Amino acid sequence: MSAERLVIVDGVRTPFCKAGTDLAALGADELGRIAVNALLTRTGLDPQLVDEVIFGCVAQPMDAANVARVIALRAGIPQSVPAVTVQRNCASGCEAVTQAQEKLQAGRGSVFIVGGAESMSNIPLLFKPTAVEKFSALNRAKTFGRRLGAMTAFRPADFSPRVGLLLGLTDPVCGLNMGETAELLTREHAVTREQQDAFALQSHQRAVAAREKLAEEICPVFLTNNGGHAVTQDNGPRENQSPEALAKLRTVFDRNHGAVTAGNASQVTDGAVALLVMGERRAAELGFKPLGALIGYAYAGCDPSRMGLGPLFAIARAAARTGLIPADADVIEINEAFAAQILAVLRCAPSEKFARQFLHRDEPLGEIPADKLNVNGGAIALGHPVGASGARLVLTALKELHRRKKRRALVSLCVGGGQGAALWLERM
Amino acid sequence: MIAAQDQATVRTTERASKPTPVAPERTIRRTVRDDGICLLTFDRPGSSANVFDLRTLAELAEELDFLERQPQLRGLVLTSAKRSIFIAGADLKAMQQGASLDQVRELIGYGQAVMNRIAALPFPTVAAIHGAALGGGYEICLACDWRVASLDRATKIGLPETQIGLLPAWGGSTRLPRLIGLPKALDMILAGKTLAAKPALKLGLVDELAPVEYLVEAAVKKIQRGKPHRPSHWLFNNKLAAAFIARRARKQVLHKTRGNYPAVLEALEVVTRGVSQPTLVSLTLERDGILKLVQGEACHNLIRVFFLQERAKKLTLPAVARGADPKPISRTAVIGAGVMGAGIAQWLSARGLPVILRDLNAEQVGKGMASIARLYQDGAKRHLFTPVEARDGLDRVSPAPTEVPLTHLDLVIEAAVETLDLKKKIFARLGELAGEETILATNTSALSVSEIAAATRRPERVVGLHFFNPVHRMQLVEIVAAPQTAPDVLARALRFTQQIGKLPVVVKDSPGFLVNRILMPYLIEAGNLFECGAGIVDLDETMLDFGMPMGPLRLLDEVGLDVALHVAETLAAKFGDRLKIPESLVAMTKAGLLGRKSGAGFYVHGKSKEAQPHPLVSKFVRGQSMRALSRLELQERMTLLMVNEAARCLEEQIISEPADVDFAMIMGTGFAPFRGGPLRYADSLGAAKVVAAMEFLVDNGATHFAPCALLKSLAANGKGFYHGKGG
Chain G
1 MSAERLVIVD GVRTPFCKAG TDLAALGADE LGRIAVNALL TRTGLDPQLV
51 DEVIFGCVAQ PMDAANVARV IALRAGIPQS VPAVTVQRNC ASGCEAVTQA
101 QEKLQAGRGS VFIVGGAESM SNIPLLFKPT AVEKFSALNR AKTFGRRLGA
151 MTAFRPADFS PRVGLLLGLT DPVCGLNMGE TAELLTREHA VTREQQDAFA
201 LQSHQRAVAA REKLAEEICP VFLTNNGGHA VTQDNGPREN QSPEALAKLR
251 TVFDRNHGAV TAGNASQVTD GAVALLVMGE RRAAELGFKP LGALIGYAYA
301 GCDPSRMGLG PLFAIARAAA RTGLIPADAD VIEINEAFAA QILAVLRCAP
351 SEKFARQFLH RDEPLGEIPA DKLNVNGGAI ALGHPVGASG ARLVLTALKE
401 LHRRKKRRAL VSLCVGGGQG AALWLERM
Chain R
1001 MIAAQDQATV RTTERASKPT PVAPERTIRR TVRDDGICLL TFDRPGSSAN
1051 VFDLRTLAEL AEELDFLERQ PQLRGLVLTS AKRSIFIAGA DLKAMQQGAS
1101 LDQVRELIGY GQAVMNRIAA LPFPTVAAIH GAALGGGYEI CLACDWRVAS
1151 LDRATKIGLP ETQIGLLPAW GGSTRLPRLI GLPKALDMIL AGKTLAAKPA
1201 LKLGLVDELA PVEYLVEAAV KKIQRGKPHR PSHWLFNNKL AAAFIARRAR
1251 KQVLHKTRGN YPAVLEALEV VTRGVSQPTL VSLTLERDGI LKLVQGEACH
1301 NLIRVFFLQE RAKKLTLPAV ARGADPKPIS RTAVIGAGVM GAGIAQWLSA
1351 RGLPVILRDL NAEQVGKGMA SIARLYQDGA KRHLFTPVEA RDGLDRVSPA
1401 PTEVPLTHLD LVIEAAVETL DLKKKIFARL GELAGEETIL ATNTSALSVS
1451 EIAAATRRPE RVVGLHFFNP VHRMQLVEIV AAPQTAPDVL ARALRFTQQI
1501 GKLPVVVKDS PGFLVNRILM PYLIEAGNLF ECGAGIVDLD ETMLDFGMPM
1551 GPLRLLDEVG LDVALHVAET LAAKFGDRLK IPESLVAMTK AGLLGRKSGA
1601 GFYVHGKSKE AQPHPLVSKF VRGQSMRALS RLELQERMTL LMVNEAARCL
1651 EEQIISEPAD VDFAMIMGTG FAPFRGGPLR YADSLGAAKV VAAMEFLVDN
1701 GATHFAPCAL LKSLAANGKG FYHGKGG
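Chains as they are written, first to last, in the working numbering: chain G, 1 to 428; chain R, 1001 to 1727.
Treat each hint with caution, since some may be false.
What the hints assert, rightly or not - Have a look at the derived ranges for each label pair, beta carbon to beta carbon: (1) G/Gln105 / R/Gly1501: 44 to 50 Å; (2) R/Tyr1214 / G/Arg155: 46 to 52 Å; (3) G/Leu286 / R/Gly1338: 30 to 36 Å; (4) G/Leu49 / R/Pro1228: 29 to 35 Å; (5) G/Asn225 / R/Glu1106: 56 to 62 Å; (6) G/Glu133 / R/Lys1221: 39 to 45 Å; (7) G/Gln105 / R/Pro1387: 39 to 45 Å; (8) G/Leu286 / R/Val1604: 46 to 52 Å; (9) R/Gly1501 / G/Lys289: 54 to 60 Å; (10) R/Arg1374 / G/Val132: 36 to 42 Å; (11) R/Pro1387 / G/Thr322: 49 to 55 Å.
Claimed, not checked - Below 20 Å or equal to it, Euclidean Cα-Cα: the simulated EDC-like pairs (lysine to aspartate or glutamate) are: (12) R/Lys1193 / R/Glu1269; (13) R/Lys1719 / R/Glu1633; (14) G/Lys289 / R/Glu1403; (15) G/Lys213 / R/Glu1403; (16) G/Lys353 / G/Glu363; (17) G/Lys406 / G/Asp371; (18) R/Lys1198 / R/Asp1187; (19) R/Lys1327 / G/Asp46; (20) G/Lys406 / G/Glu216.
Hints were generated in silico from the structure; no laboratory data involved. Predicted model only: the values in this text are computed from it and were never measured. Don't be surprised by glycine CBs; every beta carbon is placed ideally from N, CA and C.
Required output: the full structure, derived from the provided sequences and hints.
So this is what it looks like as structure tokens:
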């Protein structure tokens, strides 16, 4: 089988909006539909040509199981085209891209619509197991007396919900919350609060400065129930973010000694991204001029309680396959889950000791140059709709390559549960 | 007893060459099951519909001969083998003008006799309804003991006779009130309502619903229950209550129809008098009632409109009828997200077509998307769509606030602001963006399609598709053929109009095309009369009395004075001698009194439903010369101008047939359908009388009433528009 490259023809995303704000009323299926619809409209692709739809989503809506299928059908993709939802936590959007690559390699199709969608506003609240038991007892009760008995078994505490979002952000294996894993890195790598806040500030400043550039990736979302108001911008970046304001914020995960705050962590956000990807030859046949090609990628596992270092493991594994190291990249996007986490990655990358001990490499990965890293801001400013972020980084990196007229981009994310993802892209 | 008559007939010509004549295929198929239940299946050969004509009735009578001799049978089930029609009703051709009164009497009597025989069968009878059971198609169901219906979209049940000027006379007016009680039955019959399966069950029109696959089994179960015992509805179905209900209903009907629709009044009379009489007496009332109606003008006109609608649905162009069937349209775009653009996009998406909605910026597109969403919400509220259908429809609209590829589209409809320069700019760009096969349509209401076409690289792909506002209510679409429009483009545009369930009329490219051109002198005259002292209420009321759905000044308010003024100016540029735009209209527009959209025009449009005449517009009145005119005189002036302009359109061959003019005016403006359209109305008055009335006005200084040459020649020769050719 000839190794045909997967090319990214075009991509578009909804604005990223903080959970509970502009896009709160739209579910992940609706956000995904809007992105795919805009992608089809701006590329003019005949939906009949699509071989499969692959979408990442971490917290699938309860009322739209296999949300990729719901997105596909609602966006006008023919019923005969299959669709699959993929879940690799924070790298779900990358997983959608790389699965398309694998399917292409395996001869299972050549035109894919991939991406990610997440409505973190709509992650449900859950009843406690004790309450669930009482509800099912009530359901089973047949006579009036038994029903009355079952009803009186409820206590006020039964109605205090478990927050799905918090459950999702807690690692069930190591028992740590994601923020607690960031605190661990803060301690072990001596990343100060000031350094974290400074990094967060830079993310906001870069995102604010890049508004016009980012607008190229964004399709407006029309709130038809709200007079057709068009949401056209990310609402995470703060124009007037300041060191003072960041310093005032309370630490969330370790009240007394910690450094991680809401200000230096990624935002909880709603949004969706859609990419049109194809085999390189198919794209040429159809007369498309792709943005770029996927030239290599890797996923790697690591200690779940230090999941923030995941990018290093994935970049190392990708290097083993492609021979490419961060110095070969002209543009680098590493997802800003936490400032602490990304700063720890930056510290460990040039470390020989780390390379030998953890990456099984004699050579370190080398410096990750700050002037190439997240030049248009990152998730601390723009937000991190978990299932969508991976696809957003691919799109943002490719667009930046075109602006800089440079060759290669590296995209990487840390993944809850102790993994990393790394993708190498090349401009076309 | 009515409904769609499928034109397909049995082809006997092929058989003519055979040596022995073969008996024509039968419509009714009989099967007697092992369990003693007889199935009669209606399956009209060579057609997708079942209808009742004399032959089918005769066949049914033969089947009854058989059934009446088989008392050992356990039951009878009536079904249809058609996919979407049970029985669509009686063959309307028998009711058309030209049929003698005796023929109609025979048809009614024969039908009633057959229904009575079904009702008298000794074993239980069930109608298993799948598809449309309308008019006579439902009256036969009413003659059965039980009715079961399929839970299917195609299933529609009702007695729509009054809508075409008739009344249910095969027992419908008699049996329905006995089945569901007088008040509900009146509601159904007077409005000529058609119900889907679920509401039909709720109202008692059917006894049970079942999936179509189990329909016959459901019918058989009813047979096992024997003959039904039904409530007598004694509370309403007695002489006293009926008289009371009749009095109140009559008042309501008169208020609503202004006495223009005799069938509704006659049906009211028949149903309320018949309900307390023995069945046979009531049936006689039905027959006498319908015989009275078929002699009237309204009935003929309404039936004619019905046939014109059927014709429009099947219309093809002679040049293309021979060639291949034009390909259906599957991918579309609408340029302009204003009221018309959004309305068109909503209609297309509701008909299953993906639509790109393009406007200059996100704000405009957003407004369009919101109005489309509102149309869907309203539709869902009125049960036209399920919530899921409404959502899917909205999903099919793709907002495009920036330029997007259009090469792969079949059709682009431009619905931008009515400015020639802007439209030319848009079409120049569309010529670049669209594919070789893409049809470029303009929704202009008055501008020249050829001029717009000249701005593109591909003028032969340009055609006018003039939708009317509000798009989801107005069935007519004017298809404007410019001289350079390619025949295949025209044919595909026509096919598209039918595909989306609109009624097409093909017109020549000329200012205002057909409908607006005829309507505008009428609206302008209303404005002039107002300016010269006629009262707002008088002007509107007299036209409501005439049978228009809305008075002219109220219509101006709805259209928007600025929009109307713009169309009027376009027309005045060519027909200035007879179209003088009232200064009051210009002044009101300048003062921001634009009608509904600005909150006030001739009327004040509040949040509450009824608009009130605006007390302050009296300052725009400039004289009192028309103050003394009676309502009838006002009506005459306004209608004569429509007649005259309609005649001119015929004269200038904007369309070829008088029926097209009348049809377009009824479907496009709601012109009093019972009058049959402006030309039919003129014929009913007589051309000589029309011309005389106009010349009288000319002599009194109103030169714009000068009758056109065609009218004058018809008057001189004593002919009419419809019977002009033969003399």
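Status of the hints after comparison with the structure:
1. G/Gln105 / R/Gly1501: 44 to 50 Å: holds (47 Å)
2. R/Tyr1214 / G/Arg155: 46 to 52 Å: Between R/Tyr1214 and G/Arg155, where Cβ atoms are some 49 Å apart, the hint holds.
3. G/Leu286 / R/Gly1338: 30 to 36 Å: With Cβ atoms ~34 Å apart, the hint holds.
4. G/Leu49 / R/Pro1228: 29 to 35 Å: violated (58 Å)
5. G/Asn225 / R/Glu1106: 56 to 62 Å: Distance hint for G/Asn225, R/Glu1106 holds at roughly 59 Å.
6. G/Glu133 / R/Lys1221: 39 to 45 Å: Taking Cβ atoms as reference, G/Glu133 and R/Lys1221 lie about 43 Å apart, which means the hint holds.
7. G/Gln105 / R/Pro1387: 39 to 45 Å: holds (42 Å)
8. G/Leu286 / R/Val1604: 46 to 52 Å: Cβ of G/Leu286 to Cβ of R/Val1604: about 58 Å, so the range 46 to 52 Å is violated.
9. R/Gly1501 / G/Lys289: 54 to 60 Å: violated (40 Å)
10. R/Arg1374 / G/Val132: 36 to 42 Å: With Cβ atoms ~41 Å apart, the hint holds.
11. R/Pro1387 / G/Thr322: 49 to 55 Å: With Cβ atoms ~50 Å apart, the hint holds.
12. R/Lys1193 / R/Glu1269: holds (18 Å)
13. R/Lys1719 / R/Glu1633: violated (25 Å)
14. G/Lys289 / R/Glu1403: Judged against 20 Å, a Cα distance of about 17 Å means the pair holds.
15. G/Lys213 / R/Glu1403: Satisfied, since the Cα-Cα distance of roughly 18 Å is no more than 20 Å.
16. G/Lys353 / G/Glu363: holds (9 Å)
17. G/Lys406 / G/Asp371: Judged against 20 Å, a Cα distance of about 14 Å means the pair holds.
18. R/Lys1198 / R/Asp1187: It holds: about 17 Å lies between the C-alpha atoms, which stays within 20 Å.
19. R/Lys1327 / G/Asp46: Roughly 18 Å between the alpha carbons, so the hint for R/Lys1327 and G/Asp46 holds.
20. G/Lys406 / G/Glu216: holds (18 Å)
Of the numbered hints stated above, those contradicted by the structure are hints 4, 8, 9 and 13, listed in ascending order.
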